[in-house]
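**Q** Let chain Z serve as the given structure and place chain X with the ligands on it in line with the hints.
Just so you know, the protein sequences line up as chains Z and X, in that order.
Heads up, the first sequence is in our numbering, so the first residue is 1 and it goes up one at a time.
Heads up, the second sequence is in our numbering, so the first residue is 250 and it goes up one at a time.
Hints listed in this document are in silico derivations from the structure and should not be mistaken for laboratory results.
Note that the Cβ used here is the ideal one computed from N, Cα and C, for glycine as well.
Take these hints with a grain of salt, some might be off.
To be verified - Every beta carbon over 12 Å from chain Z, so not counted as near; a handful from chain X, in silico:
1. 273
2. 276
3. 278
4. 281
5. 290
6. 292
7. 293
8. 296
9. 309
What the hints assert, rightly or not - Below are the DSS-like pairs computed for lysine-lysine, each with C-alpha atoms no more than 30 Å apart in a straight line:
10. 169/Z / 4/Z
11. 10/Z / 252/X
12. 316/X / 279/X
13. 316/X / 10/Z
14. 279/X / 187/Z
15. 3/Z / 252/X
16. 273/X / 4/Z
17. 279/X / 194/Z
18. 252/X / 4/Z
19. 252/X / 190/Z
20. 316/X / 4/Z
21. 273/X / 3/Z
22. 187/Z / 273/X
23. 193/Z / 169/Z
24. 252/X / 187/Z
25. 273/X / 316/X
26. 194/Z / 153/Z
27. 3/Z / 316/X
28. 193/Z / 316/X
29. 252/X / 193/Z
30. 316/X / 194/Z
31. 279/X / 4/Z
32. 273/X / 230/Z
33. 190/Z / 316/X
34. 273/X / 190/Z
35. 4/Z / 187/Z
Said to hold, decoys possible - So the derived list for chain Z, only partly shown, Cβ under 10 Å to chain X, looks like this:
36. 4
37. 5
38. 8
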Amino acid sequence: MEKKVFARTKGLTETPMRYCPGCGHGVIHRLVGETLEELDIRERTIGIAPVGCSVFADEYFNCDMIQPAHGRGPAVATGMKRVRPDCIIFSYQGDGDLASIGMAETIHSAARGENITIIFVNNAIYGMTGGQMAPTTLPGMRSTTSPFGRDPKVAGNPIRVCELLSSLKGPVYLERVAVNTPGNVVKAKKAIKKAFQVQVDGLGFSLVEIISQCPTDWAMTPLQSIGRVKDEMIPYYPLGVFKSLEEKK
Amino acid sequence: MPKIEVDEGRCKACELCIVACPHKVIGLAKHFSPSGFHPACMANAEACTGCMLCAFVCPDVAIEVYK
Ligand code: SF4
Ligand code: SF4
Chain Z
1 MEKKVFARTK GLTETPMRYC PGCGHGVIHR LVGETLEELD IRERTIGIAP
51 VGCSVFADEY FNCDMIQPAH GRGPAVATGM KRVRPDCIIF SYQGDGDLAS
101 IGMAETIHSA ARGENITIIF VNNAIYGMTG GQMAPTTLPG MRSTTSPFGR
151 DPKVAGNPIR VCELLSSLKG PVYLERVAVN TPGNVVKAKK AIKKAFQVQV
201 DGLGFSLVEI ISQCPTDWAM TPLQSIGRVK DEMIPYYPLG VFKSLEEKK
Chain X
250 MPKIEVDEGR CKACELCIVA CPHKVIGLAK HFSPSGFHPA CMANAEACTG
300 CMLCAFVCPD VAIEVYK
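Extracted from the complex, chain Z is given alone in its bound form (with noise of 0.2 Å):
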């Protein structure tokens, strides 16, 4: 008799996901699943969604969930976990919410290290509102504002969020990983649940950076969306750990 050997998370509820066909945001919810059910933190554990796609988070993950303005998920993690410090704060953010709008709150919340961990997925697109450019759109790339491609010479070029606050003292924990193939996956599993473990264990700020794919926007099927993740966005993204718990030491 065969065993059960991979199984849907309790981390998540039943509710089937309404993401696009081949979209990145249901791996990465399935791996910040499994990690709250893992290091056994669901029951104590409120995730912030962003505005996004993601905006409805709070049906599928299996844990307590607020839904702040645009961009402010680090200032309200901020507040929640300084109120509730036995409480594991996540806050989960699109590209357009935390590299944009929510830039302020991203940048100044990891300069002071609070103790919260951000799952932040980059697939350089404005998703839900139907494919604008974001500020992590690569060069060249079409959007609906930048149908000719992104051009560095009006737009600037993209922001390396990993990179940027890899200079600051604050963070102890950035990484950034993708989840194209089952091997990547994997990485972003123990990333993410590194992450969580740091906030856990009190010792600061953690993010973790995942490159992922939009199908819809990028105008492609989901098998092209992953083969422009490994051609495109990681040669601009490297993956890899910008900031460790050993180099704090």
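**A** The following block gives chain X with the ligands in isolation, referenced to the frame of chain Z:
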């Protein structure tokens, strides 16, 4: 025999599991799922090793693996 079970109500036929499977086990079924997709299915069931790579990449957590 190792095998996968696909929750047809969740599967969106993205085909990411098909390319992730090193043994070419998975295909898309001919029938429609309740939400109108051709769900993933075991097209070549004997080849499954229960390695779980398909489940790792499935964005909809639609796959469970038995071994
Ligand atoms: S990866 Fe999941 S959603 Fe995509 S085709 Fe396979 S089972 Fe269906
Ligand atoms: S468990 Fe491994 S061998 Fe079986 S279908 Fe999934 S990827 Fe293929």
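**Q** Taking each numbered hint in turn, which are not upheld by the structure, reported in ascending numerical order?
**A** Hints 9, 10, 14, 17 and 26 not satisfied by this model.
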